[in-house]
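Chains as they are written, first to last, in this note's numbering: chain A, 1 to 142; chain B, 1 to 142.
Misleading hints may appear alongside valid ones.
[Said to hold, decoys possible] Computed cross-link-like contacts, DSSO-like style, restricted to lysine-lysine with a CA-CA straight-line distance of at most 27 Å:
{"hint": "1", "chain 1": "B", "residue 1": "Lys40", "chain 2": "A", "residue 2": "Lys40"}
{"hint": "2", "chain 1": "B", "residue 1": "Lys122", "chain 2": "B", "residue 2": "Lys40"}
{"hint": "3", "chain 1": "B", "residue 1": "Lys122", "chain 2": "A", "residue 2": "Lys122"}
[Stated by the list, open to error] Sample of chain B residues facing chain A (criterion: CB under 8 Å; computed from the structure):
{"hint": "4", "residue": "Ile17"}
{"hint": "5", "residue": "Leu19"}
{"hint": "6", "residue": "His21"}
{"hint": "7", "residue": "Val24"}
{"hint": "8", "residue": "Gln39"}
{"hint": "9", "residue": "Leu47"}
{"hint": "10", "residue": "Thr132"}
{"hint": "11", "residue": "Leu136"}
{"hint": "12", "residue": "Leu137"}
{"hint": "13", "residue": "Arg139"}
{"hint": "14", "residue": "Tyr141"}
[Stated by the list, open to error] DEER-style ranges, computed between Cβ atoms:
{"hint": "15", "chain 1": "B", "residue 1": "Gly89", "chain 2": "A", "residue 2": "Thr100", "range": "55 to 61 Å"}
{"hint": "16", "chain 1": "A", "residue 1": "Arg128", "chain 2": "B", "residue 2": "Glu123", "range": "23 to 29 Å"}
{"hint": "17", "chain 1": "A", "residue 1": "Met71", "chain 2": "B", "residue 2": "Glu138", "range": "32 to 38 Å"}
{"hint": "18", "chain 1": "A", "residue 1": "Ala72", "chain 2": "B", "residue 2": "Gln64", "range": "22 to 28 Å"}
{"hint": "19", "chain 1": "B", "residue 1": "Glu108", "chain 2": "A", "residue 2": "Arg85", "range": "50 to 56 Å"}
{"hint": "20", "chain 1": "B", "residue 1": "Arg105", "chain 2": "A", "residue 2": "Arg128", "range": "43 to 49 Å"}
{"hint": "21", "chain 1": "A", "residue 1": "Lys79", "chain 2": "B", "residue 2": "Thr132", "range": "40 to 46 Å"}
{"hint": "22", "chain 1": "A", "residue 1": "Arg26", "chain 2": "B", "residue 2": "Lys79", "range": "24 to 30 Å"}
{"hint": "23", "chain 1": "B", "residue 1": "Glu108", "chain 2": "A", "residue 2": "Val112", "range": "49 to 55 Å"}
In short, the hints are calculated from the structure, not lab data.
Glycine included, each C-beta is placed from N, C-alpha and C at the ideal position.
In case you want the letters, here they are:
2 protein chains.
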Amino acid sequence: MDDAGRGALDDILGLRIRLAHGTVQRHFAEHCAHLGLTQKQVSVLWLVHDAPGTTQTDVARTLQMDRATTMAIVHALEKRGLLVRARAGSDARRIGFRLTQGGERMLEEARVAIGEHEAWLKERFTARELTTLSRLLERIYQ
Amino acid sequence: MDDAGRGALDDILGLRIRLAHGTVQRHFAEHCAHLGLTQKQVSVLWLVHDAPGTTQTDVARTLQMDRATTMAIVHALEKRGLLVRARAGSDARRIGFRLTQGGERMLEEARVAIGEHEAWLKERFTARELTTLSRLLERIYQ
DNA sequence: TATTGTTATACTCTATAACTATA
DNA sequence: TATAGTTATAGAGTATAACAATA
Chain A
1 MDDAGRGALD DILGLRIRLA HGTVQRHFAE HCAHLGLTQK QVSVLWLVHD APGTTQTDVA
61 RTLQMDRATT MAIVHALEKR GLLVRARAGS DARRIGFRLT QGGERMLEEA RVAIGEHEAW
121 LKERFTAREL TTLSRLLERI YQ
Chain B
1 MDDAGRGALD DILGLRIRLA HGTVQRHFAE HCAHLGLTQK QVSVLWLVHD APGTTQTDVA
61 RTLQMDRATT MAIVHALEKR GLLVRARAGS DARRIGFRLT QGGERMLEEA RVAIGEHEAW
121 LKERFTAREL TTLSRLLERI YQ
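The whole structure should be built from the sequences, with the hints applied where relevant.
Right under this line is the structure:
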């Protein structure tokens with residue numbers, strides 16, 4: 001009995017995405033180890049910097065995470081003094097985030113490391129290929 | 001102080017890959033929950049089916065995992081009686097894998113569920129786009 | 001010495017469920 | 001009732017380090 005016409009593991013797009021993700025994650029972990037931050041933590045710092053006052057629910061939606069998962073990440077950042085929480089607006093349930101001075105400094109440093117990390121990732125593509133890849137990936141998570 | 005010329009979070013390819021990966025993983029978890037298998041476990045079953053006698057190191061290399069990580073996954077499959085281990089060839093260090101009858105049956109069932117899952121994933125692309133996406137992703141992990 | 005398998009350990013991410021406070 | 005945040009808990013994936021057996 002053979003597997004003719006049954007499809008190979010190579011045709012599984014999910015596997016390709018998973019392998020690519022793993023490769024990127026490993027390179028990040030190595031290259032950005034000196035920051036002591038994970039990809040997710042940097043994403044949150046970046047997001048809050050771009051839009052101070054962003055709430056937990058906003059962050060969860062943008063990064064497509066559970067609220068509880070978001071909590072854990074924010075907690076770690078708060079514990080390190082990179083981010084503070086404060087009531088946002090008239091709705092007493094909503095708590096907005098702001099970066100501390102230390103958080104801003106850390107983000108600047110992270111941006112340098114991530115710039116290098118992204119350069120390593122992108123160097124294998126032309127500008128046109130990068131645009132194509134970004135647009136195709138977008139269709140998956142949007 | 002503004003961020004003109006500094007690059008936006010949207011330009012981070014690593015983030016797009018991460019979001020796409022998360023979306024695919026969540027859909028797999030929902031759609032394939034009845035199997036009681038994770039993506040990794042199915043990959044290992046599939047791999048061993050395609051090449052009986054495959055060793056732990058082979059699996060680790062193909063799926064780009066640590067040997068210890070591979071162990072944990074294989075252990076779970078062995079515990080459920082889907083896979084057995086046996087000495088492979090003359091090298092007494094190498095242990096090859098084979099699927100049991102139950103493992104073969106489980107793989108058949110998994111293939112159906114994964115076919116549907118992949119159809120959901122791929123329906124948003126044309127055949128040509130799929131080829132492009134696969135080739136671009138390949139350049140990252142190969 | 002190098003490779004293969006193994007175990008122990010630890011950390012991140014992820015999600016669920018149950019809870020409190022506010023709208 | 002619905003939403004925002006919180007906490008506890010658990011499982012999966014990942015990696016490191018140290019070890020035994022074999023090449």
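Each hint, compared with the structure:
| no. | hint | result |
| --- | --- | --- |
| 1 | B:Lys40 <-> A:Lys40 | holds, 22 Å |
| 2 | B:Lys122 <-> B:Lys40 | holds, 20 Å |
| 3 | B:Lys122 <-> A:Lys122 | holds, 24 Å |
| 4 | Ile17 | holds, 5 Å |
| 5 | Leu19 | holds, 4 Å |
| 6 | His21 | holds, 4 Å |
| 7 | Val24 | holds, 5 Å |
| 8 | Gln39 | holds, 7 Å |
| 9 | Leu47 | holds, 6 Å |
| 10 | Thr132 | holds, 6 Å |
| 11 | Leu136 | holds, 5 Å |
| 12 | Leu137 | holds, 5 Å |
| 13 | Arg139 | holds, 5 Å |
| 14 | Tyr141 | holds, 4 Å |
| 15 | B:Gly89 <-> A:Thr100: 55 to 61 Å | holds, 60 Å |
| 16 | A:Arg128 <-> B:Glu123: 23 to 29 Å | holds, 25 Å |
| 17 | A:Met71 <-> B:Glu138: 32 to 38 Å | holds, 36 Å |
| 18 | A:Ala72 <-> B:Gln64: 22 to 28 Å | holds, 26 Å |
| 19 | B:Glu108 <-> A:Arg85: 50 to 56 Å | holds, 51 Å |
| 20 | B:Arg105 <-> A:Arg128: 43 to 49 Å | holds, 46 Å |
| 21 | A:Lys79 <-> B:Thr132: 40 to 46 Å | holds, 43 Å |
| 22 | A:Arg26 <-> B:Lys79: 24 to 30 Å | holds, 28 Å |
| 23 | B:Glu108 <-> A:Val112: 49 to 55 Å | holds, 51 Å |
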